[in-house]
Amino acid sequence: MSSIPMEYYLILSAFMFSVGVAGVLIRRNAIVVFMCIELMLNSANLTLVTFSSYLGNSIGQVFVFFVMTVAAAEAAVGLAIIIAIFRNKKTVNIDEINIFKW
Amino acid sequence: MKRERGQIKNDTNMPQNNYEYFLLMPQLIIAVGIVLSVLVELTTKKSEQILPWLSIALFVAAAFDSILNINQNFVLFGGMIEVGGKPAIFNFIFNIGAALVVLSSIDYLKKYGAYFGEYYILVQSSVLGMMVMSGAKDILMIFMGLELMSICFYVLAGINRKKLSANEASMKYFLLGAFATGFIVYGIALIYGATGTTSIQNLVENFVTYSSNIIFILGFVFFLVGFSFKIAAVPFHMWVPDVYHGSATSVTSLMSTTGKTAAFSVLIIMLSAVFSGASNVFRPYFATISALSMLFGSVVAISQTNLKRMLAYSSIAHAGYMAIGLAAGNIFSVAGIIFYLAAYVFMNIGAFTIISIVEGENDSKTDLNSFAGLNAKSPILAALMALFMFALAGIPPLAGFFGKYYVFISAIQSHLTWLAILGVLSSVISVYFYIRVVVFMYFKESVEDFKIQISPYSLTAVIITALLVLVFGILPDTLMNVITSVLH
Numbered sequence: 011m012s013s014i015p016m017e018y019y020l021i022l023s024a025f026m027f028s029v030g031v032a033g034v035l036i037r038r039n040a041i042v043v044f045m046c047i048e049l050m051l052n053s054a055n056l057t058l059v060t061f062s063s064y065l066g067n068s069i070g071q072v073f074v075f076f077v078m079t080v081a082a083a084e085a086a087v088g089l090a091i092i093i094a095i096f097r098n099k100k101t102v103n104i105d106e107i108n109i110f111k112w
Numbered sequence: 009m010k011r012e013r014g015q016i017k018n019d020t021n022m023p024q025n026n027y028e029y030f031l032l033m034p035q036l037i038i039a040v041g042i043v044l045s046v047l048v049e050l051t052t053k054k055s056e057q058i059l060p061w062l063s064i065a066l067f068v069a070a071a072f073d074s075i076l077n078i079n080q081n082f083v084l085f086g087g088m089i090e091v092g093g094k095p096a097i098f099n100f101i102f103n104i105g106a107a108l109v110v111l112s113s114i115d116y117l118k119k120y121g122a123y124f125g126e127y128y129i130l131v132q133s134s135v136l137g138m139m140v141m142s143g144a145k146d147i148l149m150i151f152m153g154l155e156l157m158s159i160c161f162y163v164l165a166g167i168n169r170k171k172l173s174a175n176e177a178s179m180k181y182f183l184l185g186a187f188a189t190g191f192i193v194y195g196i197a198l199i200y201g202a203t204g205t206t207s208i209q210n211l212v213e214n215f216v217t218y219s220s221n222i223i224f225i226l227g228f229v230f231f232l233v234g235f236s237f238k239i240a241a242v243p244f245h246m247w248v249p250d251v252y253h254g255s256a257t258s259v260t261s262l263m264s265t266t267g268k269t270a271a272f273s274v275l276i277i278m279l280s281a282v283f284s285g286a287s288n289v290f291r292p293y294f295a296t297i298s299a300l301s302m303l304f305g306s307v308v309a310i311s312q313t314n315l316k317r318m319l320a321y322s323s324i325a326h327a328g329y330m331a332i333g334l335a336a337g338n339i340f341s342v343a344g345i346i347f348y349l350a351a352y353v354f355m356n357i358g359a360f361t362i363i364s365i366v367e368g369e370n371d372s373k374t375d376l377n378s379f380a381g382l383n384a385k386s387p388i389l390a391a392l393m394a395l396f397m398f399a400l401a402g403i404p405p406l407a408g409f410f411g412k413y414y415v416f417i418s419a420i421q422s423h424l425t426w427l428a429i430l431g432v433l434s435s436v437i438s439v440y441f442y443i444r445v446v447v448f449m450y451f452k453e454s455v456e457d458f459k460i461q462i463s464p465y466s467l468t469a470v471i472i473t474a475l476l477v478l479v480f481g482i483l484p485d486t487l488m489n490v491i492t493s494v495l496h
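Quick mapping for you: the protein sequence lines, in order, are chains A and B. Mind the numbering: the first sequence is residues 11 to 112 in my numbering, read in order. Mind the numbering: the second sequence is residues 9 to 496 in my numbering, read in order.
Possibly wrong hints are sitting among the right ones.
[Unchecked claim] Quick list of in silico lysine-lysine cross-link-like pairs, BS3-like style, CA-CA up to 25 Å: (1) B:Lys119 x B:Lys170; (2) B:Lys385 x B:Lys118; (3) A:Lys99 x B:Lys170; (4) B:Lys119 x A:Lys99; (5) B:Lys170 x B:Lys53; (6) B:Lys170 x A:Lys100; (7) B:Lys373 x B:Lys452; (8) B:Lys452 x B:Lys385; (9) B:Lys119 x B:Lys373.
Just so you know, these hints were derived from the structure itself, not from any lab.
With the sequences and hints as input, model every part of the structure.
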C-alpha cells in the first residue's frame, strides 16, 4: 500500500464525496438520493482508513466500524420511511412529495 | 479496552476506576430505562398507559441526579465522556424538557392517532443520545450521540405512518439529516487526518497549532456545515419549516428545543479552545450564518399564518441569536448561550404544548385564525400563550430577554457591535409576529366555532414551563450563577 501515495486515496475519496453531494442535489428519486448519501459516508470511511494507515494508528479504523454500523441503522430507518411514503403516495419522487410549500 | 492515546495525558480529574459507573448514573438511568421500557412494551397490553409515567420518572431521576452531582466534574473511560459541570446543566435541560414533552403528549397522542408505547421508548433513546453528545470528550462520542438522537427523531417525525404529512416530514428530515451526517463524518475524517487523533482534549490543547493547517480548517468547516443543518441556521434551514409543520406537535416541541440544545452543546465543546482565549478563526462563518438566520427567520415568519410554521421560522431566528455567541467566542458568551438555550427550551415547549392543546384532529386548528378569540374560550390558555409569546419576543422581565441580553453583551465585548445591532433589529421585527398572536387571541372575534378540550396533563406541563420562564426571567442570576460557576 505504501507504494501508492496517500494523495491518490484522498483525491479519490474527495471525488466520491463530490459525486455524492452532487447526486443528492440533482437526483429526484428518494432511493437514489439515499444511495448518494451512502456514497458520502463511504468516501469519509475511505478517508479515515487512508489516514489511519498512513498515520499508523488504529483510531480511524475503529471509527470506520462505528460509521458502518450507524449507516446500517440509518438505512433500516430510511428505507422504512421511504416504504411508508410509497404506501400512501405511490411515488418516491421528491418533487411530487410536496404538501408543504414555503 | 486499551487505546493508544499518545500525546494525551489523562492526569487531571480522573476518578477511581470502579467509581466511574456511579458518576455516569444519569446516562445509565436512561439506558436501563430504555431496556425496561422495551420489556414493558413487549409483555404488557397497556404499555401506552404505563410508559409515559415510567419515562417521566426516569427523566426526573436523571435530571436531579445530574444536577445534584454538578460538582463531580470528571472525565471518564480514558477521556471519552465528561460528567458533572457543563454536561450536568445540559443533561438537566434535556431531561426536564423531555419530561415536560412526555407529560404533554399523553392526551395529545390519542388525538393525533399515534397512541403507541413505542413513542416513549424513542423519546428516551433520543434523550440518551443528547446526553452522550453534551458530555462528549471524543469526536467518536459526538458522532454516536448525534446519530442516536437523529435516527430517533426521524422515526418520531413520522410516528403516525398512515398520515401523509407526517410521512413527508419524516422523509425530508431523514434525507437532509443524513446529508448533514455525511458532511459531519467527512469533516471528522479530515480533522482526524490533520490531528492524528479524535480526542477533543488534544484538539483544545493544540487548537492554535492546528489552525494553520488547511486540512484541519477544511474538516472543521465541513463539521460546522453539518451542525448548521442540525441547529437549523440559514442557509441550511430548508428542512425546518416542513418538518416542524408536518410532525406531531409534541415531537416538534422535542426536536426544536432539546435537539437544537444538543447540537449547540457539541459546538460549544468543539470550540472550547476559542472560548478559553484562542483566536476565533471561524468567526466570519458564525457571524454570517447568525446574521442571515436572524434576519431571514424574523422576516419570513411575518408572512406565516400557520402557528407551527411561524414558530419554525422563529426557531431559525433563535438559532441565529445563539450563533452570535459562537461568533463572539469568549467565556461570557458560553454562559450566555447556555442561558439562552435553557430559556428557549422552556418557552418553546410551552408554546408548542398550547398549540397541541388547541389543535384538533388531523392537524387542523393550528392556524392563526383558530387562535382568534381564544381569550373568550379559555382565558388561562390565552394568558399563558401570551406569556410565551412575550418571552419569545424577548420582552423583559421574561427569560427570553435575558438570554438575548447576555448574548448581545458578549458580542459587544468581542467588538462585534454590528452583529448585536442586527440582533436587536431583528428582535424588533420579530415582535410583530409574536404580538400578532396576542392580538388575535384578545382583540379578534372567534371565527371558527369549536370547543377546546383542555387536558389536565398538558396544562400541568404548560404551567410548569410558564413558572420556569418567569423564574429565569425575574431571577436570572440564580441560573447564571450556576452556569458561570461550572465554567471556571
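Run through the hints listed earlier and report the numbers of any the structure violates, in increasing order. Violated hints: none at all, because every hint is consistent with the structure.
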